[in-house]
Amino acid sequence: MIKRTTTLMAAALAAFSALPVAAQDKLKIGFVYPSPIADVGWSAELNAGRLAIEEAFGDKVETVFVENVAEGPDAGRIMNQMAAQGADMIMLGSFGYMNDGIALAERNPDMTFIHASGYKLAPNFGNFQSRNYESSYLVGMAAGDVTETDTVGIVAAFAIPEVIGMINGFALGLQEVNPDVTIKVVWLNSWFDPPKAQDSARALKAQQADVIYSLYQDTPSVVTVAEEEEVWVINTSSDMKEYAPNWLLASQIADWSSHFVKSVQDTMDGTFEGTAFWGGMAEGTVDVKSWSDSISPETMAKITAASDAMKAGEFHPLTGPIMNQAGEMILADGEVIADPDLAGINWLVQGVETPLPN
Amino acid sequence: MDVLIFMVSGTLAAATALIFAAMGELVAEKSGMLNLGIEGMMATGAAMGFVAATVSGSYTVGFMAAAVLGALLSLIFAVLTLVFRANQTASGLAIGILGLGLSSAIGKKFESMTLPGVPDLPLGFLAQIPVIGPMFFQLDVMVYLSILLIFATWYVLNRTKLGLVIRAVGENPQNAHALGLKVVWVRAGCVAFGGAMAGIGGAYMSTAYTPLWAEGMIAGRGWIVVALTVFGTWMVPRVAFGAYLFGSISLLELSIQALGVNVSSQLMSALPYLVTIVMLALISRNTLFIRLNSPASLGATFKL
Numbered sequence: 000m001i002k003r004t005t006t007l008m009a010a011a012l013a014a015f016s017a018l019p020v021a022a023q024d025k026l027k028i029g030f031v032y033p034s035p036i037a038d039v040g041w042s043a044e045l046n047a048g049r050l051a052i053e054e055a056f057g058d059k060v061e062t063v064f065v066e067n068v069a070e071g072p073d074a075g076r077i078m079n080q081m082a083a084q085g086a087d088m089i090m091l092g093s094f095g096y097m098n099d100g101i102a103l104a105e106r107n108p109d110m111t112f113i114h115a116s117g118y119k120l121a122p123n124f125g126n127f128q129s130r131n132y133e134s135s136y137l138v139g140m141a142a143g144d145v146t147e148t149d150t151v152g153i154v155a156a157f158a159i160p161e162v163i164g165m166i167n168g169f170a171l172g173l174q175e176v177n178p179d180v181t182i183k184v185v186w187l188n189s190w191f192d193p194p195k196a197q198d199s200a201r202a203l204k205a206q207q208a209d210v211i212y213s214l215y216q217d218t219p220s221v222v223t224v225a226e227e228e229e230v231w232v233i234n235t236s237s238d239m240k241e242y243a244p245n246w247l248l249a250s251q252i253a254d255w256s257s258h259f260v261k262s263v264q265d266t267m268d269g270t271f272e273g274t275a276f277w278g279g280m281a282e283g284t285v286d287v288k289s290w291s292d293s294i295s296p297e298t299m300a301k302i303t304a305a306s307d308a309m310k311a312g313e314f315h316p317l318t319g320p321i322m323n324q325a326g327e328m329i330l331a332d333g334e335v336i337a338d339p340d341l342a343g344i345n346w347l348v349q350g351v352e353t354p355l356p357n
Numbered sequence: 000m001d002v003l004i005f006m007v008s009g010t011l012a013a014a015t016a017l018i019f020a021a022m023g024e025l026v027a028e029k030s031g032m033l034n035l036g037i038e039g040m041m042a043t044g045a046a047m048g049f050v051a052a053t054v055s056g057s058y059t060v061g062f063m064a065a066a067v068l069g070a071l072l073s074l075i076f077a078v079l080t081l082v083f084r085a086n087q088t089a090s091g092l093a094i095g096i097l098g099l100g101l102s103s104a105i106g107k108k109f110e111s112m113t114l115p116g117v118p119d120l121p122l123g124f125l126a127q128i129p130v131i132g133p134m135f136f137q138l139d140v141m142v143y144l145s146i147l148l149i150f151a152t153w154y155v156l157n158r159t160k161l162g163l164v165i166r167a168v169g170e171n172p173q174n175a176h177a178l179g180l181k182v183v184w185v186r187a188g189c190v191a192f193g194g195a196m197a198g199i200g201g202a203y204m205s206t207a208y209t210p211l212w213a214e215g216m217i218a219g220r221g222w223i224v225v226a227l228t229v230f231g232t233w234m235v236p237r238v239a240f241g242a243y244l245f246g247s248i249s250l251l252e253l254s255i256q257a258l259g260v261n262v263s264s265q266l267m268s269a270l271p272y273l274v275t276i277v278m279l280a281l282i283s284r285n286t287l288f289i290r291l292n293s294p295a296s297l298g299a300t301f302k303l
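Taken in order, these protein sequences are the chains called A and B.
The first sequence begins at 0 in numbering that gives the first Met the number 0 and counts up one residue at a time.
The second sequence begins at 0 in numbering that gives the first Met the number 0 and counts up one residue at a time.
Hint data in this document are derived by calculation from the structure and do not stem from the laboratory.
There may be inaccurate statements among the hints.
Stated by the list, open to error - Have a look at the derived ranges for each label pair, beta carbon to beta carbon:
| hint | chain 1 | residue 1 | chain 2 | residue 2 | range |
| --- | --- | --- | --- | --- | --- |
| 1 | B | Leu266 | A | Lys119 | 26 to 36 Å |
| 2 | B | Leu303 | A | Gln84 | 44 to 54 Å |
| 3 | A | Asp292 | B | Val260 | 29 to 39 Å |
| 4 | B | Pro129 | A | Asp149 | 22 to 32 Å |
| 5 | B | Pro129 | A | Asp292 | 28 to 38 Å |
A virtual CB, placed ideally from N, CA and C, is assigned to each residue, including glycine.
Isolated chain A, as found in the complex (with noise of 0.2 Å):
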């Protein structure tokens, strides 16, 4: 701990002395990434839409990055430090980023907030979630059509409102074209572990899963196990065809670049305003690349007709009547979760088998 906090805090410090003195007017934004940056995954995709904004940009913005950053004490000190060091605006790349955040934005008036996948909200400081359940809920029907066991696994990270949304999405997909399909779930809390992320995802081929949904694991770890033990895949955050190219079953994707740059330009022009922003397939947010082949023309046909509503705003996933774990009415016939409802999302649609930690 003392080795990473020492180093993250040298490279804020570093990054922010060598600003050149004449760049006083130009927008600074700081980038805090809970996992080092790849080519592939969360962290990768929260760096190219940094890489967007310096696009669209140019010279006049400077953007500086910590890759990395545990949540916790680490996090508060390295955004501090960055706000000490003239940001102007902050991306907190992760859900545990939150309390930090909302403190310092409250000091810095001054300043503006982004923030990925929170529930709370200042006057300068927006947070961002993406609509991946409806995304899931696409890969969940390709996945009630492939297995084979009628089993299928997950390699969860934490139990937080948007796995668990994305849990439920990918449920309610795989159920509406494989009503009896078992649903297993492991939870690693943690973001970021690869070696316990292979070994739930051998655990889970081992009790006979044959598809495993790889949810928010920041490396290709579940993929290349699914690729070895010959089991379907489908990842979260980045296209990750490369590592498994013959049991990728689907890559669920996120862009973050067109919210980025607007909350940029917003800044900038002064209008920023702390509100929830809800990216989905609508709006190009989320996506799902790399379809595998082996699904069947039918299911194919189903998963593109109910992505065609979504991005028409004519179908909500998770839609009444849904039942939870212990059977009771959550929504009924009819009726579509609330926004507000679903970033604060904790419990489980009926037929997953794994309980909710507490």
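For this one, chain A is given, so just place chain B on it according to the hints.
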């Protein structure tokens, strides 16, 4: 049955990195050197092993490079503590931190890249036996080597003159010196061996167990190794038992979750650490026995 095969073969693989690093650390501690930098040396070995294997296309080169770099790193520790007589605890921690930084520097360009992984080596007709075959005899070569290493370490420490020399140096370096033993050289050699084994253990993580490089992937296993040697009271069989126990509980945790049993997953995540430490503490609760086994001069600076 699939679950059982997964548990047994998985445990052997999960414990392999720990076995390599723990046997190395055990030898170093037996000579009186408390090397707390194992975590950093494993991380450096993981990065170096992955990079060398990727660039050269040979896993042998990967493991050798990891061993050499691990040994070099531990020799810095040896120089600090044996030549400059620095405090072992502080030096070990510092070298560990250096190793973690070094690992991210070495692996930076290779972040999240993958390798095919060290291939499995089925052991002839043994691998054909139903159930037993897939459990024990269809693993990769490093798993078999790690088991050999357990026996070799036990044999050398307890049945050879070299082992006697190492233990004498660890028990009472002044007397060993008076007997004409080269305390500094013996200790440096043991530390280098420990570093090399930690490097190989790390490389096993990045080229065989989880064949990819990701910064931070050692995730505390180096500290488990240090704990294993202490809670295993510096006895080879107990340390090895602890490593296998840790490996099996960490897999059991995931299997139980996948079965849908209603237990707190946070508690389950802590279970491997709890069970291993409690078990080893229970079997090692005889204090006289601990005193007999622990190297008397462990962690003490050697002065004439």
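inquiry  = Given a hint of 28 to 38 Å, does the C-beta separation of B:Pro129 and A:Asp292 actually sit inside it?
reply    = holds (35 Å)
ask   = Is 26 to 36 Å a correct range for the gap between the Cβ atoms of B:Leu266 and A:Lys119?
value = At roughly 28 Å between Cβ atoms, A:Lys119 and B:Leu266 fall inside 26 to 36 Å, so the hint holds.
ask   = Quick one: are B:Pro129 and A:Asp149 within 22 to 32 Å, going by C-beta?
value = Check passed, 26 Å falls within 22 to 32 Å.
key: Status of the given 29 to 39 Å range, CB of B:Val260 versus CB of A:Asp292   = Given range 29 to 39 Å: holds, Cβ gap about 37 Å.
query = That 44 to 54 Å hint for B:Leu303 and A:Gln84 (C-beta), does it hold up?
reply = holds (52 Å)
When each numbered hint is compared with the structure, no violation occurs for any of them.
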